[in-house]
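K.L.:
The lines below spell out each chain.
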Amino acid sequence: GEDVEQSLFLSVREGDSSVINCTYTDSSSTYLYWYKQEPGAGLQLLTYIFSNMDMKQDQRLTVLLNKKDKHLSLRIADTQTGDSAIYFCAETWNQGGKLIFGQGTELSVKP
Amino acid sequence: DTGVSQDPRHKITKRGQNVTFRCDPISEHNRLYWYRQTLGQGPEFLTYFQNEAQLEKSRLLSDRFSAERPKGSFSTLEIQRTEQGDSAMYLCASSLAGTGRTQDGYTFGSGTRLTVV
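These protein sequences, in sequence, are chains A and B. Sequential numbering from 792 applies to the first sequence in my numbering. Sequential numbering from 21 applies to the second sequence in my numbering.
Hints are computed from structural coordinates only; laboratory data are not their basis. All C-beta atoms, glycine included, are put in the ideal place defined by N, C-alpha and C. Errors might be hidden in some of the hints.
What the hints assert, rightly or not - Some chain B residues close to chain A (C-beta under 10 Å, calculated; not the full set): (1) Pro28; (2) Lys31; (3) Tyr53; (4) Gln57; (5) Gly60; (6) Pro63; (7) Phe65; (8) Thr67; (9) Tyr68; (10) Ala73; (11) Leu75; (12) Tyr126; (13) Thr127; (14) Phe128.
Stated by the list, open to error - No farther apart than 30 Å at their CA atoms in a straight line, the calculated lysine-lysine pairs in the DSBU-like style are these: (15) B:Lys31 x A:Lys827; (16) A:Lys859 x A:Lys827; (17) A:Lys847 x A:Lys901; (18) A:Lys861 x B:Lys77; (19) A:Lys858 x B:Lys77; (20) B:Lys77 x B:Lys91; (21) A:Lys847 x A:Lys859; (22) A:Lys827 x B:Lys77; (23) A:Lys901 x A:Lys859.
Stated by the list, open to error - Computed, partial: chain A to chain B, Cβ under 7 Å: (24) Phe800; (25) Gly833; (26) Leu834; (27) Phe879; (28) Gln894; (29) Gly895; (30) Lys901; (31) Pro902.
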């Protein structure tokens with residue numbers, strides 16, 4: 792079945808690390824993505840990870856994948872007020888096919 | 021190329037009217053996707069095209085919805101006899117398939133916000 796779940800809200804202080812979690816049900820997922828959506832804007836691709844990897848780092852972003860538990864996380868180091876947005880994880884199991892999104896985690900960064 | 025463009029940005033229509041949205045993808049992208057996003061939810065897949073061929077349609081896409089991509093470039097999404105439940109953000113995305121680059125993800129437009137009154 793297709794299901795991606797995220798916690799709905801996360802609040803952190805500026806300068807702290809943020810960790811946004813996601814679980815998925817489809818074990819055949821090949822690519823897992825993190826998107827950012829700011830108010831009134833479209834979706835911005837932040838990073839992705841292929842299912843045969845367990846970690847990917849890109850500047851302040853670290854993605855961890857636990858394929859056994861079907862758990863994906865996004866860590867944002869040194870969180871800034873500009874990181875306040877809704878973050879979506881998404882999965883796909885065939886190249887270029889449909890993405891299945893979670894319901895999004897609203898990140899609030901307090902100064 | 022300025023990315024994926026969607027037109028209009030906002031549309032208010034009366035229940036029962038027909039509406040049509042347009043999406044212009046990134047020019048070299050051969051795949052084009054339509055998603056619907058309601059408040060507080062993630063985007064839900066509606067349909068996608070590779071070139072002019074419509075390859076998959078979601079069960080969410082009732083017979084009041086039709087999408088076309090006649091020349092494999094821009095696409096239109098038409099909703100006939102709109103209902104209040106159709107009020108949502110309609111997002112278009114494009115990607116380049118078949119060259120090993122699909123793992124780079126999809127580029128999304130800013131969406132068309134539909135309000136049915």
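K.L.:
Compare the structure with each hint and give your call.
P.N.:
Quick rundown of the hints versus the structure:
| no. | hint | in the structure |
| --- | --- | --- |
| 1 | Pro28 | 14 Å, violated |
| 2 | Lys31 | 15 Å, violated |
| 3 | Tyr53 | 7 Å, holds |
| 4 | Gln57 | 9 Å, holds |
| 5 | Gly60 | 7 Å, holds |
| 6 | Pro63 | 5 Å, holds |
| 7 | Phe65 | 4 Å, holds |
| 8 | Thr67 | 9 Å, holds |
| 9 | Tyr68 | 6 Å, holds |
| 10 | Ala73 | 13 Å, violated |
| 11 | Leu75 | 8 Å, holds |
| 12 | Tyr126 | 7 Å, holds |
| 13 | Thr127 | 7 Å, holds |
| 14 | Phe128 | 4 Å, holds |
| 15 | B:Lys31 x A:Lys827 | 24 Å, holds |
| 16 | A:Lys859 x A:Lys827 | 26 Å, holds |
| 17 | A:Lys847 x A:Lys901 | 27 Å, holds |
| 18 | A:Lys861 x B:Lys77 | 27 Å, holds |
| 19 | A:Lys858 x B:Lys77 | 29 Å, holds |
| 20 | B:Lys77 x B:Lys91 | 19 Å, holds |
| 21 | A:Lys847 x A:Lys859 | 17 Å, holds |
| 22 | A:Lys827 x B:Lys77 | 25 Å, holds |
| 23 | A:Lys901 x A:Lys859 | 34 Å, violated |
| 24 | Phe800 | 11 Å, violated |
| 25 | Gly833 | 4 Å, holds |
| 26 | Leu834 | 4 Å, holds |
| 27 | Phe879 | 5 Å, holds |
| 28 | Gln894 | 5 Å, holds |
| 29 | Gly895 | 5 Å, holds |
| 30 | Lys901 | 22 Å, violated |
| 31 | Pro902 | 26 Å, violated |
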